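Working from the sequences, and respecting the hints, build out all of it.
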Amino acid sequence: MQQGSVLGPLVFLVYVNDICRNINSNIRLYADQCIVYRKITNKNDIENLQKDLETLGEWAVENGMKINAGTCTAIRFTRAHVKNPLGYSFIDQKIPEESSCKYLGMILRSDLNWVNLLNYMAQKAWKLLHFIMHVLKRGRV
Numbered sequence: 723m724q725q726g727s728v729l730g731p732l733v734f735l736v737y738v739n740d741i742c743r744n745i746n747s748n749i750r751l752y753a754d755q756c757i758v759y760r761k762i763t764n765k766n767d768i769e770n771l772q773k774d775l776e777t778l779g780e781w782a783v784e785n786g787m788k789i790n791a792g793t794c795t796a797i798r799f800t801r802a803h804v805k806n807p808l809g810y811s812f813i814d815q816k817i818p819e820e821s822s823c824k825y826l827g828m829i830l831r832s833d834l835n836w837v838n839l840l841n842y843m844a845q846k847a848w849k850l851l852h853f854i855m856h857v858l859k860r861g862r863v
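Just so we're aligned: the sequence shown equals residues 723 to 863 in the working numbering.
Keep in mind the hints are simulated off the structure, nothing from the lab.
Hints should not be assumed to be uniformly reliable.
[As the list claims (entries may be wrong)] Using C-beta positions, here's what the derived DEER-type ranges look like:
hint, residue 1, residue 2, range
1, N744, K859, 54 to 62 Å
2, V857, N835, 31 to 39 Å
3, Y842, E819, 17 to 25 Å
[What the hints assert, rightly or not] Lysine to aspartate or glutamate pairs mimicking EDC-like chemistry, simulated, CA-CA at most 16 Å apart:
hint, residue 1, residue 2
4, K805, D833
5, K761, D774
6, K788, E820
7, K805, E820
8, K816, E776
9, K788, E769
On a predicted model such as this, the values are computed, not experimentally measured, just so you know.
Where is the CB? At the ideal position from N, CA and C, for every residue including glycine.
The following block contains the structure:
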């Protein structure tokens with residue numbers, strides 16, 4: 723199927739429809755993005771999340787889906803000060819822990835603070851305002 727076709731997104735959804743099979747953590751799909759998450763309260767939760775990441779990797783191999791493990795990030799959402807690092811891996815590659823990540827246009831911080839998102843949105847608004855002013859100035863000349 724040609725990329726950009728009308729049926730492309732529908733065929734892709736049918737193709738990845740069984741991605742949730744045998745995964746006990748929460749999983750969300752949006753276009754070509756996938757997020758796997760769960761509440762971690764004990765060591766079993768950590769092990770179960772890692773097991774689900776392994777299952778997802780096996781699904782990718784079985785279905786001939788190439789997933790760029792280099793774009794994966796792990797983030798822990800908490801206001802508590804935690805010293806021990808996350809140690810998750812995906813397709814035999816360690817997932818780096820980040821203090822923030824961008825998801826569906828929002829910047830999420832591990833400490834649940836919104837300052838990065840607000841700064842990002844303000845920066846985009848200033849760029850848009852500058853562009854509009856430039857267009858209006860050119861229209862008058």
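Here's how the hints hold up against the structure:
no.	hint	in the structure
1	N744 - K859: 54 to 62 Å	59 Å, holds
2	V857 - N835: 31 to 39 Å	35 Å, holds
3	Y842 - E819: 17 to 25 Å	21 Å, holds
4	K805 - D833	14 Å, holds
5	K761 - D774	13 Å, holds
6	K788 - E820	23 Å, violated
7	K805 - E820	14 Å, holds
8	K816 - E776	12 Å, holds
9	K788 - E769	24 Å, violated
Hint check: violations occur at hints 6 and 9; the rest are consistent with the structure.
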